[in-house]
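Working from the sequences, and respecting the hints, build out all of it.
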Amino acid sequence: MSLMMALVLAVVFMGPSPNMAAPTGVTDEEAFDLENYSLNSEMDWENLDVNIYGDSYDYDDLDQEIEVGTVAPDPPSAASLPTAEYHEEELTLPPAPFTLDFKGPGLFGPDTGLGMPTCLLCVCIGGSVYCDDTGLDQIPLLPKDTTHFYGRFNNIRHVKNTDFNYLNQLQSIDLTGNQISGMDEDVFLSLPQLHQLLLADNNLQSMPELPITMKYIDLRNNRLISNGVHSEGFKDMSQLEFLYLSDNKLDYIPVPLPLGLRVLHLQNNNIQTLYEDSFCNSHDRHFIRRNLEDIRLDGNPLNIQLFPQAYVCLPRLPVGSH
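Mapping of the sequence shown onto mature numbering (1 follows the signal peptide of the UniProt record, and there is no 0): residues -21 to -1, 1 to 301, in sequence order.
Hints were generated in silico from the structure; no laboratory data involved. Honestly, I wouldn't trust all of these hints.
To be verified - No farther apart than 25 Å at their CA atoms in a straight line, the calculated lysine to any residue pairs in the SDA-like style are these: (1) LYS194 - HIS127; (2) LYS228 - ARG269; (3) LYS139 - PRO187; (4) LYS123 - THR113; (5) LYS123 - GLU164; (6) LYS228 - HIS262; (7) LYS214 - HIS262; (8) LYS214 - ARG269; (9) LYS194 - ARG295; (10) LYS214 - ASN270; (11) LYS139 - THR192.
To be verified - Computed spacing ranges between beta-carbons, pair by pair: (12) THR141 - LEU99: 18 to 24 Å; (13) HIS262 - SER107: 42 to 48 Å; (14) ARG295 - ASP230: 21 to 27 Å.
The model shown is predicted, which means the values in this text are computed figures rather than measured ones. Glycine residues also receive a C-beta, built at the ideal position from the N, C-alpha and C atoms.
Now the structure itself:
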């Protein structure tokens, strides 16, 4: 009974709602006689028909059992799914990773015998490769565009005829301060542009044959003997200007010398005599060797005053003992 009273009070104080409209055919004024309504009047609660205020609710529906499935339903098949229109999209792929080929003429040059690319072990600037004081015991593989190679102050003992293969642009080689005691005979002949060779401070007893393109040769402080120098080895070097052969074991001046020679250093050898054709032309009394202005013969067991005919064609006298 208390539930019914609560519903009636809610209707009275909250007003009509869509589910509590007046019965069909009865206006609001007829359903509620507001003029004659008295709050003090008594409500016949026992005969109150609650159905006039809205649809009845069947509470028996609450008694229906709700079945809870224990297995998830099967997913829909692909055939039952709606087909979407295929749109081909142009994908932008990331750039391929950059790889270095150290065995070819790549960024860091070919691999050396130490398993490291030449231009990481050494310093490569333009066509110049600097491998000074890096502990090398052999010539490293050099990039093909090498023009100047510096391998000073290392532990190289032998230079092979394959060390400079295919280096057609190589112009200068500096191997000063190694321990080189031998070289293959034709090691430099395959270099068409070589004009400068520095092999000072090594242990060479003989020198290999050199190309006629040479301009500058430095073989100071080795163990060169006269038999280790090719006969007429400098004759055809028309561009040769500087020849440094001091501090060796030479017994005589390696003649004939090219006419363009400007500097000849032979101090501290074992030269004991001079000949008329050492510098001049005995068959041409008017011959003058104008370019050769710097001759060093000091430190040899030689008195240059005893051989005046040997340098009558020179612009200056050699430096030596008198």
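Here is what the structure says about each hint:
For the suggested pair LYS194 and HIS127, the alpha carbons sit about 14 Å apart, so the restraint of at most 25 Å is met. For the proposed pair LYS228 and ARG269, the alpha carbon gap of about 28 Å is over 25 Å, so the pair is violated. Only pairs whose Cα atoms come within 25 Å are accepted, and LYS139 paired with PRO187 is accepted, the gap being roughly 11 Å. For the given pair, LYS123 sits about 21 Å from THR113 by alpha-carbon distance, which is consistent with the 25 Å threshold.
The straight-line distance between the Cα atoms of LYS123 and GLU164 is roughly 22 Å, inside the 25 Å bound, and the hint therefore holds. Restraint check for LYS228 and HIS262: the C-alpha separation of about 30 Å exceeds 25 Å, so the hint is violated. With a CA separation close to 17 Å, the supplied pair LYS214 and HIS262 stays within the 25 Å bound. This hinted pair checks out: LYS214 and ARG269 have alpha carbons roughly 17 Å apart, not beyond 25 Å.
Between LYS194 and ARG295, the direct Cα distance comes to roughly 22 Å. Compliance with the 25 Å bound is thereby established for this hinted pair. At roughly 15 Å between alpha-carbon atoms, LYS214 and ASN270 fall within 25 Å of each other, so this suggested pair holds. For a cut-off of 25 Å, the pair hint linking LYS139 to THR192 stands: about 20 Å separates their Cα positions. With their beta carbons about 22 Å apart, THR141 and LEU99 fall inside the hinted range of 18 to 24 Å.
Take HIS262 and SER107: their Cβ atoms lie about 45 Å apart, and the range 42 to 48 Å holds. Between ARG295 and ASP230 the Cβ separation comes to about 24 Å, which falls inside the hinted range of 21 to 27 Å.
Going down the numbered hints, you'll see the structure goes against 2 and 6, while the others check out.
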